[in-house]
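A.B. asks: With the hints as constraints, model all of the structure from the sequences given.
Protein chains in written order, with our numbering: chain A, 1 to 112; chain B, 1 to 112.
Among the hints, erroneous ones may be present.
[To be verified] To give an idea of the interface, some chain B residues facing chain A are shown, with a C-beta separation under 8 Å as derived from the structure:
#1 Glu-42
#2 Ser-49
#3 Phe-62
#4 Ser-93
#5 Gln-99
[To be verified] The calculated lysine to aspartate or glutamate pairs, modelled on DMTMM-like cross-linking and capped at a C-alpha distance of 20 Å, are:
#6 A:Lys-44 / A:Asp-70
#7 A:Lys-40 / B:Asp-24
#8 B:Lys-5 / A:Asp-30
#9 A:Lys-9 / B:Glu-42
#10 A:Lys-40 / B:Glu-42
#11 B:Lys-5 / A:Glu-100
#12 A:Lys-22 / B:Glu-42
#13 A:Lys-44 / B:Glu-42
Rather than coming from a laboratory, the hints here were simulated on the basis of the structure.
The beta carbon of each residue, even a glycine, is placed where N, CA and C say it ideally should be.
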Amino acid sequence: DTAVSQTPKYLVTQMGNDKSIKCEQNLGHDTMYWYKQDSKKFLKIMFSYNNKELIINETVPNRFSPKSPDKAHLNLHINSLELGDSAVYFCASSQREAAEAFFGQGTRLTVV
Amino acid sequence: DQQVKQNSPSLSVQEGRISILNCDYTNSMFDYFLWYKKYPAEGPTFLISISSIKDKNEDGRFTVFLNKSAKHLSLHIVPSQPGDSAVYFCAASPNTGNQFYFGTGTSLTVIP
Chain A
1 DTAVSQTPKY LVTQMGNDKS IKCEQNLGHD TMYWYKQDSK KFLKIMFSYN NKELIINETV
61 PNRFSPKSPD KAHLNLHINS LELGDSAVYF CASSQREAAE AFFGQGTRLT VV
Chain B
1 DQQVKQNSPS LSVQEGRISI LNCDYTNSMF DYFLWYKKYP AEGPTFLISI SSIKDKNEDG
61 RFTVFLNKSA KHLSLHIVPS QPGDSAVYFC AASPNTGNQF YFGTGTSLTV IP
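C.D. replies: Rendered as structure tokens:
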């Protein structure tokens, strides 16, 4: 019974396309996150939502837009994909802000 | 600007011996620290945490030590087992913040 699930696991797409990654958590957590792990393995937060409200929006191009339809879901939509967007994107959730997070399995995005 | 650093990208240890993974941070406002373990093609999994009011926290084979004056923490695994082979990330959060800053990880290999 997966706690944090994100789909798809792999995503290969051409430059300029628009794509979405979906995330769902069944832990009843209030806070959800999107992290990006780049080629240097650096794991950096992109967005944080608490009870569907945006809390953190790090320096991320506005081509990236998170959407939280309810507490259990936080989707990531990316417009006009660029080569530099290639990375592994992790969704995570925690009971409250700055508490230990539970991560999804990651989505490996490759832009060609 | 990386506020959390893991300067050893990799570490190899014989089964049964102690593994020591190190982490340094620069922000004196950090007061809550976590270690995560990550297997290939999976998301990070929370392992152990420590708050700045303690200098040691133990959970089974895993012990985290915090030296606030040196801005240094370490994770000790004893005895090390082959199943411990994974990438270990440390993360830190400031007392006024609501997010974690991650290091770049140390890949541990436990040799049978």
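A.B. asks: If a hint holds in the structure, say so; if it doesn't, say that too.
C.D. replies: Cross-check of the supplied hints:
1. Nearest Cβ of chain A to the Cβ of Glu-42 of chain B: about 5 Å, under the 8 Å cut. The hint holds.
2. Nearest Cβ of chain A to the Cβ of Ser-49 of chain B: about 6 Å, under the 8 Å cut. The hint holds.
3. Interface hint status for Phe-62 of chain B: violated, as the beta-carbon distance to the closest one in chain A is roughly 14 Å, over 8 Å.
4. For Ser-93 of chain B, the suggested interface contact is upheld, since its CB lies about 5 Å from the closest CB of chain A, less than 8 Å.
5. Checking Gln-99 of chain B against chain A: minimum C-beta separation of about 5 Å stays under 8 Å; hint holds.
6. Restraint check for Lys-44 of chain A and Asp-70 of chain A: the C-alpha separation of about 24 Å exceeds 20 Å, so the hint is violated.
7. Of the supplied pair hints, the one linking Lys-40 of chain A and Asp-24 of chain B holds, its CA atoms being roughly 18 Å apart against a limit of 20 Å.
8. For the hint pairing Lys-5 of chain B with Asp-30 of chain A, the CA-to-CA distance comes to about 29 Å; that exceeds 20 Å, so the pair is violated.
9. At most 20 Å may separate the alpha-carbon atoms for a hinted pair to count; Lys-9 of chain A and Glu-42 of chain B meet this at roughly 10 Å.
10. Distance restraint check for Lys-40 of chain A and Glu-42 of chain B: the Cα-Cα separation of roughly 17 Å lies within the 20 Å cut-off, and the hinted pair is therefore satisfied.
11. Between Lys-5 of chain B and Glu-100 of chain A, the direct Cα distance comes to roughly 19 Å. Compliance with the 20 Å bound is thereby established for this hinted pair.
12. Annotation: proposed proximity of Lys-22 of chain A to Glu-42 of chain B holds, straight-line Cα distance about 16 Å (limit 20 Å).
13. A threshold of 20 Å between alpha carbons decides the hint, and for Lys-44 of chain A with Glu-42 of chain B the separation of about 16 Å falls inside it, so the pair holds.
The earlier numbered hints that this structure contradicts are 3, 6, 8.
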